[in-house]
Amino acid sequence: MMNRVLEKGVTGFSWICAMVLLGTVSCIVGYLLIKGLGTINITLIFGETDPMDALFFRKQVFDGLFPAILGTFALVALSVSFAIPIGLAAGIYMAEYCRGIVKRVFSLFFDILAGIPSIVVGLFGFSVAIFLHNYFSSRIYPCLLISALSLAFLVLPYLIRTTQVSLENLPEDIRRTAPALGATKLQNIFHVLIPRSLSGIASGVILSIGRCAEDTAVIMLTGVVATAGVPKSVFSNYEALPFYIYYISSQYSNKQKLLSGYGAAIILLVICGLLFAIAFFIKHRLTYHVLYKP
Amino acid sequence: MKRASCLAWIFVFMMAGNLSAFAGNLDLFEGMKGTLRIAGGTAHIPVMKEAAKRIMTFNGDIQIIIAGGGSGVGIKQVGEGLVDIGNSGRKPTDKEINKYQLKMFKWAIDGVGVVVNPGNKVKALSKAQLIDIFSGKINNWKSIGGVDKPINVYTRDKASGTRAVFWKKALDKGEITAKANFVVSNGAMKSAISSDPYAIGYVSVGYIDESVAPVALGGVVPTLENVKQGKYQIARGLYSNTKGEPSGLTKKFIDFIFSPEGQKIASEKGFIPVQ
Amino acid sequence: MKLIDRSIEKFFWIAAVLSLSITVLIFGFMVILGFPLFKGGQFFELLSQPWLPDYGTYGIYPMIVGTLSISLIGLVFAFPLSLGCSAFISVLGPKRFGRVLKKIVQMMTGIPTVIYGFVGIFLLVPIIRELFEHGSGMCILSASILLAILISPTMILFFSDSFDQVPKPFLDAVDALGGNKAQKILYVILPYSLRGVITGLILALGRAMGDTMIALMIAGNAVAIPDSVLDSTRTLTAHIALIIAADFESLEFKTLFACGIILYLFTTFITLSVRSFDLMPWRRK
Numbered sequence: 001m002m003n004r005v006l007e008k009g010v011t012g013f014s015w016i017c018a019m020v021l022l023g024t025v026s027c028i029v030g031y032l033l034i035k036g037l038g039t040i041n042i043t044l045i046f047g048e049t050d051p052m053d054a055l056f057f058r059k060q061v062f063d064g065l066f067p068a069i070l071g072t073f074a075l076v077a078l079s080v081s082f083a084i085p086i087g088l089a090a091g092i093y094m095a096e097y098c099r100g101i102v103k104r105v106f107s108l109f110f111d112i113l114a115g116i117p118s119i120v121v122g123l124f125g126f127s128v129a130i131f132l133h134n135y136f137s138s139r140i141y142p143c144l145l146i147s148a149l150s151l152a153f154l155v156l157p158y159l160i161r162t163t164q165v166s167l168e169n170l171p172e173d174i175r176r177t178a179p180a181l182g183a184t185k186l187q188n189i190f191h192v193l194i195p196r197s198l199s200g201i202a203s204g205v206i207l208s209i210g211r212c213a214e215d216t217a218v219i220m221l222t223g224v225v226a227t228a229g230v231p232k233s234v235f236s237n238y239e240a241l242p243f244y245i246y247y248i249s250s251q252y253s254n255k256q257k258l259l260s261g262y263g264a265a266i267i268l269l270v271i272c273g274l275l276f277a278i279a280f281f282i283k284h285r286l287t288y289h290v291l292y293k294p
Numbered sequence: 001m002k003r004a005s006c007l008a009w010i011f012v013f014m015m016a017g018n019l020s021a022f023a024g025n026l027d028l029f030e031g032m033k034g035t036l037r038i039a040g041g042t043a044h045i046p047v048m049k050e051a052a053k054r055i056m057t058f059n060g061d062i063q064i065i066i067a068g069g070g071s072g073v074g075i076k077q078v079g080e081g082l083v084d085i086g087n088s089g090r091k092p093t094d095k096e097i098n099k100y101q102l103k104m105f106k107w108a109i110d111g112v113g114v115v116v117n118p119g120n121k122v123k124a125l126s127k128a129q130l131i132d133i134f135s136g137k138i139n140n141w142k143s144i145g146g147v148d149k150p151i152n153v154y155t156r157d158k159a160s161g162t163r164a165v166f167w168k169k170a171l172d173k174g175e176i177t178a179k180a181n182f183v184v185s186n187g188a189m190k191s192a193i194s195s196d197p198y199a200i201g202y203v204s205v206g207y208i209d210e211s212v213a214p215v216a217l218g219g220v221v222p223t224l225e226n227v228k229q230g231k232y233q234i235a236r237g238l239y240s241n242t243k244g245e246p247s248g249l250t251k252k253f254i255d256f257i258f259s260p261e262g263q264k265i266a267s268e269k270g271f272i273p274v275q
Numbered sequence: 001m002k003l004i005d006r007s008i009e010k011f012f013w014i015a016a017v018l019s020l021s022i023t024v025l026i027f028g029f030m031v032i033l034g035f036p037l038f039k040g041g042q043f044f045e046l047l048s049q050p051w052l053p054d055y056g057t058y059g060i061y062p063m064i065v066g067t068l069s070i071s072l073i074g075l076v077f078a079f080p081l082s083l084g085c086s087a088f089i090s091v092l093g094p095k096r097f098g099r100v101l102k103k104i105v106q107m108m109t110g111i112p113t114v115i116y117g118f119v120g121i122f123l124l125v126p127i128i129r130e131l132f133e134h135g136s137g138m139c140i141l142s143a144s145i146l147l148a149i150l151i152s153p154t155m156i157l158f159f160s161d162s163f164d165q166v167p168k169p170f171l172d173a174v175d176a177l178g179g180n181k182a183q184k185i186l187y188v189i190l191p192y193s194l195r196g197v198i199t200g201l202i203l204a205l206g207r208a209m210g211d212t213m214i215a216l217m218i219a220g221n222a223v224a225i226p227d228s229v230l231d232s233t234r235t236l237t238a239h240i241a242l243i244i245a246a247d248f249e250s251l252e253f254k255t256l257f258a259c260g261i262i263l264y265l266f267t268t269f270i271t272l273s274v275r276s277f278d279l280m281p282w283r284r285k
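If you read the protein sequences in the order shown, they are chains A, B and C.
Note that the first sequence covers residues 1 to 294 in my numbering.
Note that the second sequence covers residues 1 to 275 in my numbering.
Note that the third sequence covers residues 1 to 285 in my numbering.
Take these hints with a grain of salt, some might be off.
[As the list claims (entries may be wrong)] Residues from chain B that face chain A, not an exhaustive set, calculated with beta carbons under 8 Å:
1. 53
2. 82
3. 183
4. 184
Simulated from the structure, these hints should not be mistaken for lab results.
Please read all numbers here as calculations on a predicted model, not as lab measurements.
A virtual CB, placed ideally from N, CA and C, is assigned to each residue, including glycine.
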């Protein structure tokens, strides 16, 4: 009898949980959309500057999201361009070259790196910047480059891991065919193994891009500021969307500014959502395209 | 004939003079290039932003970067050479001035006012009441004539010049309860107070608008007028500090802040210009 | 040709060593920069003292309490929710609905943290403030609710993965005995995937402790040791974000490295304990 009640309760409970979760997500997204959709227009992004002037950097944009959006893109591009070569190379090393105790040690350290809170990585980036400023060149201070490097450290373990796992998951026969035909190990890796595991690697890359785009804790320690305009060099401070959202949430000066925060949140949500959708799409489709549609 | 042409020339000169006065003092930045980095005091930010906007609109080759952080940060960062101008809402201490060879530029007078939510009935406090509220001894609005709700105290961190001035001049260096919520800037204080109906905090007088209600302290309301006339005692200067004698773009920027146009911006943003 | 091959392979190795050294370097930097704290034996004093900058005491005990209370209470909310949802996805719910829910949960992992914080400030905080009439609404409760929403998706996906690991014959046996879905999850799946559930819980704890934005935006950042869940508090992570701007040479600033070291050690400990199960999610096939 008791068991009956328990069993009924379990089913009911799981329904409630599912509904609570769905309800919460729709509340969060719905609230944003209701409050913010109306603010999304050309003025939100470009302020009073003519969009064409802004896009060609002829004039600076004030009171618009353009510098923040551009800053986020610059930041993401820079950090993945650091992280991808290193991450993929290390992933290939882990999957194809590393064996035994060395492999265990390496993967332990990558797991630890993956677990480190982003703010600690940010603190590290900040300390490195100050260290370089004091002992190396007074022209270095927390800036776009430092942020990008710190973010690269943050996503490295994800890239290494997705690369390693996608390579290791390949069936043995695929792995053995090319060497049997006389291919070298590297030829096998570049011409057989990587193309075969591209979907896994690519979705890892895209998820890392999403991680770079959304992170706030690292960049707020390493050079993002509220007002910088479009960054002119990698040694310059910059603006970024997630920081803008944080900044507005605590210190909006008027209703108008607060609304622009909602707008920025929707834009960021759309960017991250798109990246996520692409990652899923690629996971399902890319293999097909790469292998069967040359 | 000669006289007429002379008059005409005078006329042209006068027009030119008028025009340049009209275009403001932005001519300073003609042909300049480069990046100017400003950090520190958060009370200064609206003025800095407006000045930066005008300068960058006038000359797109100049980039001005503005960060907050608080007065302590401004002084420290300019001293370490991390920024070109470090703002502070308090006078740098002699120790700081000597350590970093700071040059101070006081370009406006400001006050620090106690603020509550506009819906709050309490609009006046005695100094003793204020000290008790911030130390946590008085913790319900009811005991000072408000609704029966707990008081939510908001404060700033140690790097804040606003906090330093408020703590010294309004609280007589009394304790601030550890239960107080922390906010990171004058702007954040204003938005926190305006969204929390049971809040109390302190903010630069220049920031006070209809979204928060000023509280009279000992019968004097913290307004620009009262600060100007010296009736409201919790006043302070707004400083921009440089490491050593400023030069180049830094000097131009400071000159601009002291120019009629710069001083007008300060006054528009709710501060009392020094000139 | 041989040389090129060699140098490419060398590059793979260098990349791996470089990544490994970053892990070490981060810790090394914290310890070296926080070294003055160790020299005077202050490090352990800091762990037990309050934060009273006006009196020159820079203890981080309140922040440790803050971190633990927000993340543990967050887990208390998130754990049953995740367990229920993953049971729904794997077994209990209608198949189609379960799949849709899983897709939504996957999408949720992509929502930026700062957006949870942003909505939290304007939606949740006023509700909590009016509902409980205690404090500003920026408190442990609000922060841990949002944190629960933040960490649930990863936990749900992890749980439902380990539920799917249960060998099919086990499930068929339940069907053959005429058992229903609820019995399947209670008597077969849960006991079988207990290790997976514990692992997921530990991973989620690590994620919760490492989060900065939710605590920074929602918890109010007071430095008192909280008496109730409606009190405002400050976490180690938020503390780093708030004090980062302080004078680099001050003791105040040095305590940041103490926070950093504690967070680093704690998350490393979590990684190690998960590994001791050898159940890191990406290692299971």
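Hint by hint, here is what the structure shows:
Checking residue 53 of chain B against chain A by beta carbon gives a least distance of about 5 Å; that is within 8 Å, so the hint holds. Annotation: residue 82 of chain B was flagged as interfacial toward chain A, and the flag holds, the nearest CB pair being 5 Å apart, inside 8 Å. Hint on residue 183 of chain B holds. Least Cβ distance to chain A is approximately 7 Å, under the 8 Å limit. Taking 8 Å as the C-beta contact cut-off toward chain A, the hint placing residue 184 of chain B at the interface holds, the least distance being around 7 Å.
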